[in-house]
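When you get a sec, could you build the whole thing from the sequences and use the hints?
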Amino acid sequence: MKAKKQRKRINWKETLMGVVFLLAATTSILAVLLICLFLFANGLPAIGEIGPLKFLLGTQWRPSNDIYGILPMIVGSLYVTAGAIILGVPIGILTAVFLAKFCPRRIYKVLKPAVDLLAGIPSVVYGFFGIVVLVPFVRETFGGDGNSILTASILLGMMILPTIIGVSESAIRAVPDSYYEGALALGATHERSVFFAVLPAAKSGIFAGVILGVGRAIGETMAVMMVAGNQPRMPTGLLKGVRTLTTNIVMEMGYAADLHREALIATAVVLFVFILIINLAFSLLNRKKKA
Amino acid sequence: MKKNEMQNINCVTFRQRLRSYRKHPLSLFLFAAVSVSAVITVAVLFFLIIYILIKGIPSISPSLFAWHYTTENVSLTPAIINTIMMTLLSLLVAAPLGIFAAVYLVEYAKRGNKLVGLVRITAETLSGIPSIVYGLFGFLFFVIALKWGYSMLAGGLTLAIMILPLIMRTTEEALRSVPDTYREGSFGLGAGKLRTVFRIVLPSAVPGILAGIILSVGRVVGETAALMFTAGTVAEVAPNLMASGRTLSVHMYTLASEGLHIEESYATAVILLIIVVGINAVSGAIAKRIAKV
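If you're matching them up, the sequences are chains A and B in order.
Here the first sequence is numbered in my numbering, starting from 1 and rising by one per residue.
Here the second sequence is numbered in my numbering, starting from 1 and rising by one per residue.
Please note: incorrect hints may appear among the correct ones.
[Stated by the list, open to error] Below, computed lysine-lysine pairings styled on BS3-like, alpha-carbon distance capped at 30 Å:
1. A:Lys-112 x A:Lys-101
2. B:Lys-55 x A:Lys-240
3. A:Lys-112 x A:Lys-203
4. B:Lys-193 x A:Lys-13
5. B:Lys-55 x A:Lys-109
6. A:Lys-240 x A:Lys-54
7. A:Lys-101 x A:Lys-203
8. B:Lys-114 x B:Lys-193
9. B:Lys-55 x A:Lys-112
10. B:Lys-110 x B:Lys-193
11. B:Lys-288 x A:Lys-109
12. B:Lys-288 x A:Lys-112
13. A:Lys-203 x A:Lys-109
14. B:Lys-114 x A:Lys-101
15. A:Lys-13 x B:Lys-110
16. A:Lys-13 x B:Lys-114
17. A:Lys-203 x B:Lys-23
18. B:Lys-55 x A:Lys-101
It should be emphasised that the hints constitute simulated quantities derived from the structure, not laboratory data.
Note that the coordinates shown come from a computational prediction; the quantities given were computed from them, not determined experimentally.
The structure is reproduced here in structure tokens:
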């Protein structure tokens, strides 16, 4: 009788905790729903009011005159990201190759934590480094006032390195050794075996790493804001200032009101959609890799 | 003698390598490209760290650690205290949620459960969202819709959502690496599912979970964009959870962008770097211990 009662109590506890675990698992779903709801509910009406085409393709951003066109920011984000990719991707992938296939064990023990550390440095510290080192460097070597697309690209290129290195390295390591050994046995040198047998096999994983890097570069805010100049106009050259989608939000959110604030939230909606597309591409690639 | 010869066949001497490179210029080029890239990566890191340390360490002065912030001493003590509060607050929310969610995914969900796929996709989405979007969401939801104003609580909850996927993923990996024999042994001794999870599975997954939590501490400490419009930028120690307070990163940002206190900015950057290096060292040590076991 007593034992029966006890078992019942335990069962009750088990079910309760099962429900608790289930609820905890649904928090991430809830969070995504809430984020979507609040961003879209606050941003979409503004896009409707301004006019979708005027908002997305307008080249003027003048909140004081109620003119809201974010094309300069979209183009700015794309330029800065492209710059970061051009600078960061080759170095990142080659470093990953070095880590996975060339590195003696003793050096690896130093190099791997160094790359992890690069990922852990806060973006404000990168931004500050940009202000005190990169901006003067660009100003003196290339001219202009230093706050430019080029500076932001260099800084972002540095910041996406650890992402690209990490994902690419594990992709390269996941390629079966027999690929490498087969190439070697056919008389290829170590370098040729790595670059022409192993790397092509790791292609989709490396590409996923690049996409992840693009996501980081597009979403980065503080570091870019500190070095990019932030003028809301169409970018005219590599050495001219630029404003990205992310910085547009931070620059003006503090004092914006009414339609201006909603236009900023709509900017975030555009950014969010970009990120969703990038995420989708990333998970599709991963799924392909598994299959 | 014979043994030596055998070993020599498998060893490539430096001279042999040089000769081989002369025959294969492409290989030499590839090797050079790979090495140069690795050197650049390391050089970037060390240049950044050493530059900030050299410039920053001489600027560290006792007035920087004064108990109260004034516009003259730009003390970072309140910011550090706020950072600790913010870290604890976000972990207090995110750690149980993340760990429980992972327990559900690994221990409770049945194969082919549709919810699992949905949770995975949303967690992936969350980890890709830029921090400024989190900041804006926190501003719209916690600060305005819930009428909390700029407050530590709003900032902490925003960050909790941000680090949730990280904790969930690392915990999930840690739980999956616990051998099934542990669970079977526990069930075999008559323990229920709940007891098995809390007494057997979770304790053996602690190092992995801890590594994830430390990583998320690093993210909280380094976060700026998500906090500016949720926790605000008041430079004093927040007296309660509903008050605004700036963390060390936000403090660093205001100093650097004002441009009035460059030396103090260097010093603050040094403190931030030291914290981050420390966090990385601890998580690295834990990861090494996991690898050994």
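Evaluated hints:
1. For a cut-off of 30 Å, the pair hint linking Lys-112 (chain A) to Lys-101 (chain A) stands: about 13 Å separates their Cα positions.
2. For the given pair, Lys-55 (chain B) sits about 29 Å from Lys-240 (chain A) by alpha-carbon distance, which is consistent with the 30 Å threshold.
3. With a CA separation close to 22 Å, the supplied pair Lys-112 (chain A) and Lys-203 (chain A) stays within the 30 Å bound.
4. Taking the CA atoms of Lys-193 (chain B) and Lys-13 (chain A), the gap is about 11 Å. The hint holds against a cut of 30 Å.
5. For the hint linking Lys-55 (chain B) to Lys-109 (chain A), the alpha-carbon distance of about 28 Å falls within 30 Å, and the restraint holds.
6. The suggested pairing of Lys-240 (chain A) with Lys-54 (chain A) holds, with an alpha-carbon distance near 25 Å, which does not exceed 30 Å.
7. A threshold of 30 Å between alpha carbons decides the hint, and for Lys-101 (chain A) with Lys-203 (chain A) the separation of about 16 Å falls inside it, so the pair holds.
8. For the hint pairing Lys-114 (chain B) with Lys-193 (chain B), the CA-to-CA distance comes to about 22 Å; that is within 30 Å, so the pair holds.
9. Under the criterion of a C-alpha separation no larger than 30 Å, the hint pairing Lys-55 (chain B) with Lys-112 (chain A) is consistent with the structure, at around 26 Å.
10. The suggested pairing of Lys-110 (chain B) with Lys-193 (chain B) holds, with an alpha-carbon distance near 14 Å, which does not exceed 30 Å.
11. At most 30 Å may separate the alpha-carbon atoms for a hinted pair to count; Lys-288 (chain B) and Lys-109 (chain A) meet this at roughly 11 Å.
12. As the CA atoms of Lys-288 (chain B) and Lys-112 (chain A) are separated by approximately 13 Å, the hinted pair is consistent with the 30 Å bound.
13. For the given pair, Lys-203 (chain A) sits about 26 Å from Lys-109 (chain A) by alpha-carbon distance, which is consistent with the 30 Å threshold.
14. Pair hint Lys-114 (chain B) plus Lys-101 (chain A) does not hold up; C-alpha atoms about 40 Å apart against a cutoff of 30 Å.
15. Using a Cα cut-off of 30 Å, the hinted pair Lys-13 (chain A) and Lys-110 (chain B) holds, with the two alpha carbons roughly 20 Å apart.
16. Pair hint Lys-13 (chain A) plus Lys-114 (chain B) holds up; C-alpha atoms about 25 Å apart against a cutoff of 30 Å.
17. A C-alpha spacing of about 28 Å is found between Lys-203 (chain A) and Lys-23 (chain B), which places the hinted pair at or below 30 Å, so the restraint holds.
18. A hinted pair counts as satisfied when its Cα atoms are at most 30 Å apart, and Lys-55 (chain B) with Lys-101 (chain A) does not qualify at roughly 37 Å.
Of the numbered hints stated above, those contradicted by the structure are hints 14 and 18, listed in ascending order.
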